[in-house]
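Next come the chains, spelled out residue by residue.
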Amino acid sequence: MTTAPDLFPRTTGTVYEEIPARPAPMLVSGPLAWMRENLFKSRFDTVLTIVTTILLVVFTLALANWVIAQANWLVITRNLRLLMVGLFPIDQVWRVNLAVLFVAFALGYSIYAYIRVSRFVQAALIGLVLTMMVVPAASALLFSTPPSFLAVGAVEVQSGTISELPQPRAAFLARQGDTVRFEIALDALNDTDLVGMSGFMDRAASGVYNAARARFRTEAEIARLDALLAGDTLTERQRAAAQDSRDGLSMPEETTATYQVNTESISIRILDGATLAQVSSAVLDIAQARDAQAGERTNSGQPIEYPVYEFVAPADGWYVLEKSLPEGSETVGILDVRGIPPILERNFTGYNEYVRITDDFTVVGGRPMFEDSQIPFISMTDNLYRGERSLPDYMSLFAGPILALLGRGLIPFIGLLAVGYGAGYALVQLRPRAPRNQSAHAPARALVGPLWAVVLTLFFVLIYGVNGYSTLDFAFMFASFAWVGWMFFAGITLNRASWGRPLFASVALTGIAQVVLLHGDTSDNVSGILLGSLVWMTIGLLAARQGYINSQRFSFRESVIGFGVSSLIWLALFLIVPLLLNAASSLGLIPALAQENVIGIVETRRWGGLLLTMVLTVVAILASFPLGVLLALGRRSSLPLVRVVCTLFIELVRGVPLITVLFMAQLLVPLINPGLANVENAIRAMVGLTLFSAAYLAENVRGGLQSVPPGQDEAARALGMGSIQITLFITLPQALRAVIPALVGQCIALFKDTSLVALVGLLDLTGMAKSITAQSEFVGTQSETYVYITVVYFIVSYFMAFISRRIEASGSGAVRRFG
Amino acid sequence: MSDVTHSENTASAEPIIICRKVNKWFGEFHVLRDVTVDVMPREVVVVIGPSGSGKSTFIRCINRLEEHQEGEIIVDNITMGHDIRNIAAIRREIGMVFQQFNLFPHLTVLNNVMLAPMNVRRWSKEKAEQKARELLDRVGIPEQAEKYPGQLSGGQQQRVAIARALAMEPKIMLFDEPTSALDPEMVKEVLDVMKEVTSSGMTMVCVTHEMGFAREVADRILFFDQGRIVETGTPEQLFDNPQHPRTKLFLSQIL
Ligand SMILES: Nc1ncnc2c1ncn2[C@@H]1O[C@H](COP(=O)(O)OP(=O)(O)OP(=O)(O)O)[C@@H](O)[C@H]1O
Ligand SMILES: [Mg+2]
Chain X
36 MTTAPDLFPR TTGTVYEEIP ARPAPMLVSG PLAWMRENLF KSRFDTVLTI VTTILLVVFT
96 LALANWVIAQ ANWLVITRNL RLLMVGLFPI DQVWRVNLAV LFVAFALGYS IYAYIRVSRF
156 VQAALIGLVL TMMVVPAASA LLFSTPPSFL AVGAVEVQSG TISELPQPRA AFLARQGDTV
216 RFEIALDALN DTDLVGMSGF MDRAASGVYN AARARFRTEA EIARLDALLA GDTLTERQRA
276 AAQDSRDGLS MPEETTATYQ VNTESISIRI LDGATLAQVS SAVLDIAQAR DAQAGERTNS
336 GQPIEYPVYE FVAPADGWYV LEKSLPEGSE TVGILDVRGI PPILERNFTG YNEYVRITDD
396 FTVVGGRPMF EDSQIPFISM TDNLYRGERS LPDYMSLFAG PILALLGRGL IPFIGLLAVG
456 YGAGYALVQL RPRAPRNQSA HAPARALVGP LWAVVLTLFF VLIYGVNGYS TLDFAFMFAS
516 FAWVGWMFFA GITLNRASWG RPLFASVALT GIAQVVLLHG DTSDNVSGIL LGSLVWMTIG
576 LLAARQGYIN SQRFSFRESV IGFGVSSLIW LALFLIVPLL LNAASSLGLI PALAQENVIG
636 IVETRRWGGL LLTMVLTVVA ILASFPLGVL LALGRRSSLP LVRVVCTLFI ELVRGVPLIT
696 VLFMAQLLVP LINPGLANVE NAIRAMVGLT LFSAAYLAEN VRGGLQSVPP GQDEAARALG
756 MGSIQITLFI TLPQALRAVI PALVGQCIAL FKDTSLVALV GLLDLTGMAK SITAQSEFVG
816 TQSETYVYIT VVYFIVSYFM AFISRRIEAS GSGAVRRFG
Chain V
5 MSDVTHSENT ASAEPIIICR KVNKWFGEFH VLRDVTVDVM PREVVVVIGP SGSGKSTFIR
65 CINRLEEHQE GEIIVDNITM GHDIRNIAAI RREIGMVFQQ FNLFPHLTVL NNVMLAPMNV
125 RRWSKEKAEQ KARELLDRVG IPEQAEKYPG QLSGGQQQRV AIARALAMEP KIMLFDEPTS
185 ALDPEMVKEV LDVMKEVTSS GMTMVCVTHE MGFAREVADR ILFFDQGRIV ETGTPEQLFD
245 NPQHPRTKLF LSQIL
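If you read the protein sequences in the order shown, they are chains X and V.
Quick note: the first sequence uses the numbering used here, first residue 36, plus one each step.
Quick note: the second sequence uses the numbering used here, first residue 5, plus one each step.
These aren't lab readings, by the way, just hints derived from the structure by calculation.
Worth double-checking, as some hints may not be accurate.
Output of the computed footprint for chain X on chain V, the stretches with three or more beta carbons under 8 Å from beta carbons of chain X [what the hints assert, rightly or not]: (1) 90-98; (2) 103-110; (3) 116-124; (4) 168-174.
Interface residues of chain X toward chain V, partial, derived using beta-carbon atoms under 8 Å [as the list claims (entries may be wrong)]: (5) Gly746; (6) Glu749; (7) Ala750; (8) Arg752; (9) Ala753; (10) Leu754; (11) Gly755; (12) Met756; (13) Gly757; (14) Gln760; (15) Phe764; (16) Ile765; (17) Pro768; (18) Gln769; (19) Arg772.
Computed from a prediction, not measured in an experiment: that's the story for all the values here.
Note that beta-carbon positions come from the ideal geometry of N, C-alpha and C, so glycine has one too.
Please model the entire structure based on the sequences and the hints provided.
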């Protein structure tokens, strides 16, 4: 068959070759290519990159320098409890800790239900825990505490307007085997050295240091004025003024010369803290020290050694350092002491506790006395840190102790997060019934709501407290809850097995017996018992009914496990715990059970710090949510009066600053009704915040309602649904889903706005920071305190934002619009 | 054949929908003008007409999504008035399917169908779920029950909407251009379901531009123009032998 060549060859299915899929071509890659592509693409990019880098580096360096070399973080270490829980009674702080741990558990569980936790976040958390465990230990091991300079002598040192007399005695804590090293501070032989000294100084040594500094400052001022006067840039009047100032200044004598610093030998005695018996003693010879410094040699040619005295503590506990100069000496000596870290004192009702700042070495009470007065100890406030700090100093003094302190709170928190997460996992493993096209974790979601309801209730009960309940009462109460669980599973078996009936009957009878036992002694009359039985039996029967109805959902194995677990809890709480408690109290280990009041009420004015901030936020969010939704619906209502009132309220509140609302809640409310004057300050702030937040929430929700297409309402009406049903099932759910990001944003804003309550006298995080820095002890530590609370605010808000972003990403909150 | 059905109905029963001289205005605009029509039980009425002629408004007046101002609408012996209880009672008996589906996007397909029977008819969850699964089976998408509307195609969504309306076990179904928002290849699946519904003996009022469908299933066609019923008749009469010049013009434009 001969044909002319086909000019337009038709491609049919069989003609063209199969083209196999190939991997995409490699792009030019590597760090250099990346940098060229992303940082230096154009000249403008290059300039921007460089400028940003410079700014970043300068800022970071300045900050790091301040954090490490200058800031006094002791204000945080000393006040951490105040900043976290405020004036919450110390012996009750465990309640806050417990409540927070419950919250951590619920958080962990919810995170499992809704959020994929990336490897990165897991690693970050583990890293954080490790840091908080390792760094304090490591810095205690690796870096020695900077020296303490202690003044010795009988001469008063002038420091500004006050004069300080060196303390003859100072108490300190040591562990068995700790080595304390004493030498004469040869760094202090002239003024220049004195000013360069870096470490702790007691007040008298600090006075010497200050005097030297003042002398240098005067010297510099004189030089400046002399230079001015020598020049011809001044007007007549300026010249006269400068001359006046110059005449007023005279060069002070050298400080070391004034006080004859370190011209005499120093005697040291170490006494036992309890008995004041001498443990050891030494004399540090000044001549030898000077010779050693000058590099002199002994007759045999050996270099002369510094006179150093090392004391090794024979046992744990208090010691007293007694230091003196020869009798009648009119000089000041300065000791360089290594191995005595300053102590933090913690006051509890009933006893005091002393903690070394570099480690957790804690001693309860036992502070040494001398002639009926307490011997001053080497404490943080009396011993000021002077001079520029090095990184090792920073690590051993601040980073280590602060991380250790934080770790004590955060490690259990993170642990409980993990436990909650694990609980979610266990639950899903137990009942792996995810509906199709849903995440495998979805079955865990059903319990998130109830869990939070329980946890938040527990939280507020724990924090606020109830009067008149002993441990025993609580054990019985929880036992009753376990009994409700028991009834639930008995209800299941009732529907399942022939022996269900006797089982159910005996469980129910146990319930009655329990009530009679519990209330038999407390309620004087029969009606109390009857009422109690009635209440518990109703709850129990309801639970049993639920079990009966839902029995098909549980496998036999599950119901047996559930029954077993609730029985165990019941037994433990109803029999074992009370037995143990009774035994303990009869042995005198714990106070008599009948009078004890485990969680007595803690008035809100004792709440403070982060605790108060969080409580205000949570209460305001929870309370403003229903209020805001109602206001939003009211504003769209067809009833003119409702609409006008809601609109008026919303616009009024939105039209004034939050601080005004708070002041109104504080000041105006009592005017409306004098009875309200007794309402506690914190509660009034909660009301103010709630009203404020509700108005904004209402506007957000209204936006959401407007975004629901009218067709939704029509479709629901066409189905015969009433307007309340439509709102509840159709419009509101869609509106709320649409505004979740805005609502979360509002929660975060509210969290930050709570700081304004500081202005109406509440000691929330900000208020506490304000009041701490107002104490004379912590004057000049505003920067440290506010930096710290900034970090706390940031971490909490970031955590909230993180969670909400992940929830949105998981699709649970997203609006499912038509494809 | 449809003729026969029609006459049978006329003979045997009262009309289920009665509209007498219904008038409606949107502000100054007179949308419905003296609309008078009776619909018999089991009758399938198709409404056609140019855009803006008031078809949707008319059909929405039947379940009072729009209020008419003059005239009388009686559905299933209940007069449409301001009495809310009457309206609720009537709406329970009328299912409606919209051009834009209007499914509830936050609920699964199953819950979309179950919601109204549970809350309006107060059915138990089990009964509602059984009915819903039955209907999803009937409209041909039993496997989509757990999905959300956003995950379905347009045709599937409209079939869910039909199931949702049927779940209330209505006596009357209203369709307002149910296929107009669909891609051509999905139109057939929805029309098939609608045909199946008519064959089960449902009273139906349907606005549509699908003339083939109208010719096949309608007992009667109403031609609307400028708020008036201009012409009415069996599909054969109206399509093959239109009387009114307006009808002729309209049919010549779309056929
Ligand atoms: N809510 C309203 N307010 C004012 N005018 C309206 C309203 N709804 C409809 N109209 C007007 O009433 C007239 C009839 O509208 P209708 O929706 O009933 O027409 P239709 O026949 O369904 O048209 P189409 O085939 O385009 O759907 C139109 O001119 C329309 O602009
Ligand atoms: Mg229309």
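In ascending order, which of the hints set out earlier in this document are inconsistent with the structure? Structure breaks no hint.
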